[in-house]
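Asks: Heads up: the sequence shown begins at 1 in the working numbering, then just goes up one per residue.
Please keep in mind that the hints were generated in silico from the structure rather than gathered at the bench. Watch out, some of these pointers could steer you wrong.
Here are the computed distance ranges between Cβ atoms for each label pair [stated by the list, open to error]:
id, residue 1, residue 2, range
1, 48, 121, 21 to 31 Å
2, 75, 100, 16 to 26 Å
3, 21, 170, 17 to 27 Å
4, 100, 46, 27 to 37 Å
5, 54, 184, 31 to 41 Å
In the BS3-like style, the derived pairs of lysine-lysine whose C-alpha atoms are separated by at most 30 Å in a straight line are [claimed, not checked]:
id, residue 1, residue 2
6, 124, 92
7, 106, 124
8, 346, 265
9, 92, 106
These figures come from a predicted structure and were not determined experimentally. The beta-carbon is built from N, C-alpha and C at its ideal position, and this holds for glycine as well.
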Amino acid sequence: MPGLFDQQEREQTDAARPLAARMRPQLLSEFVGQSHFLGEGKLLRRMLASGRLQSLIFFGPPGTGKTTLARLIADHIEAHFQQLNAASSGVKELREVLADARERLKRGGERTVLFVDELHHFNKTQQDVLLPDVEEGVVILIGATTANPFFSLVSALISRSQVFEFHPIAADEIRRLLERALKDCKRGLGEARVSATDEAIEFLSEVCDGDARRALTALEIGVRSLAETGGQFDLAVAQESIQKKAVLYDADGDQHYDVISAFIKSIRGSDPDAAIYWLARMIAAGEDPRFIARRLVIAASEDIGNADPQGLVLANAAAEATERVGLPEARIILAQATTYLACAPKSNAAYV
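Produce the entire structure from the sequences given, and follow the hints as far as they go.
Replies: Next up, the structure:
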């Protein structure tokens, strides 16, 4: 039975956690966003209601609820929750977690939800280690990734999982989260007794680009900065707290396709300055550099073609180098390929 000191220790630990962590929903019904697959009658909601859950891949931008939903699912199905980060976990640790899950299932029949954050960082060998236990139902894998899983994960893992694409959270939903955090005295900022203007909350809701974690972090920074001296969380404080305006770019919506279209059209129109602008905008917004590299390879064939066959060679080399080097240096490689293709002679004779 936990004692008084245990309770005090938990309260102190909770108080030290960031606002975004403290305000995570505790029930599935409190979860905000992703109604296209989690709303009433939608696929994931039906899967949870049936109690028959297979492994899942959550794909989408940061701050859209992937980790939170994984925890809520584990609670909902009364399974043990185990979390790994693929960027820092090796095969040895992965095998130990899977062995514990097998023992847990054998000993007491308890299922394990294995949540692997940044799953795309696992190499093929590490992903293959997961396959037998996913196949046999020893673990329910929930993998989270910001990279397109159909390019970054092995096909055997994809075929054993259901992929759900997360959308940026709508501004009105983020506004409700911010307002809830301001009023909540237990988990939020209610005890700070700092008022916020509608203009400031509206600004954070819009400028965070669908990232609830970013909006809540900015709110906490601003409110905490006013707690001792007093004052109002107004637009000026909100702008300081968010530090810089986010590039308006939704990773899977109209702006995503509009920007990549403008990028390709700038190359096609032999405008290297415009092409570099659109490239910089995509990189600043967090676009996957491998996606950009693939589009350069396509443009080299479609728009330059046999007018300069070297363009395809360079674009392929840039794609391989981008995969090997990664950001931030990959931006220079992509810029080199972009300016070369934009300045190259053009021909579409290969398909027209």
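Asks: Each hint should be assessed against the structure and marked as holding or not.
Replies: Against the structure, the hints come out as follows:
Residue 48 and residue 121 have their C-beta atoms about 28 Å apart, which keeps the hinted 21 to 31 Å range intact. For residue 75 paired with residue 100, a C-beta distance near 19 Å keeps the hint of 16 to 26 Å intact. A hinted range of 17 to 27 Å for the beta carbons of residue 21 and residue 170 is consistent with their spacing of about 22 Å. The beta-carbon spacing between residue 100 and residue 46, approximately 30 Å, falls within the hinted interval of 27 to 37 Å.
For the pair residue 54 and residue 184, the supplied restraint of 31 to 41 Å holds, since their beta-carbon distance comes to about 35 Å. Proximity of residue 124 to residue 92 is assessed by CA-CA distance (about 15 Å); at most 30 Å being required, the pair is judged to hold. For the proposed pair residue 106 and residue 124, the alpha carbon gap of about 28 Å is at most 30 Å, so the pair holds. Only pairs whose Cα atoms come within 30 Å are accepted, and residue 346 paired with residue 265 is accepted, the gap being roughly 12 Å.
Straight-line distance between C-alpha atoms of residue 92 and residue 106 comes to about 21 Å, which keeps the hinted pair within the 30 Å bound.
In this structure, every one of the numbered hints holds.
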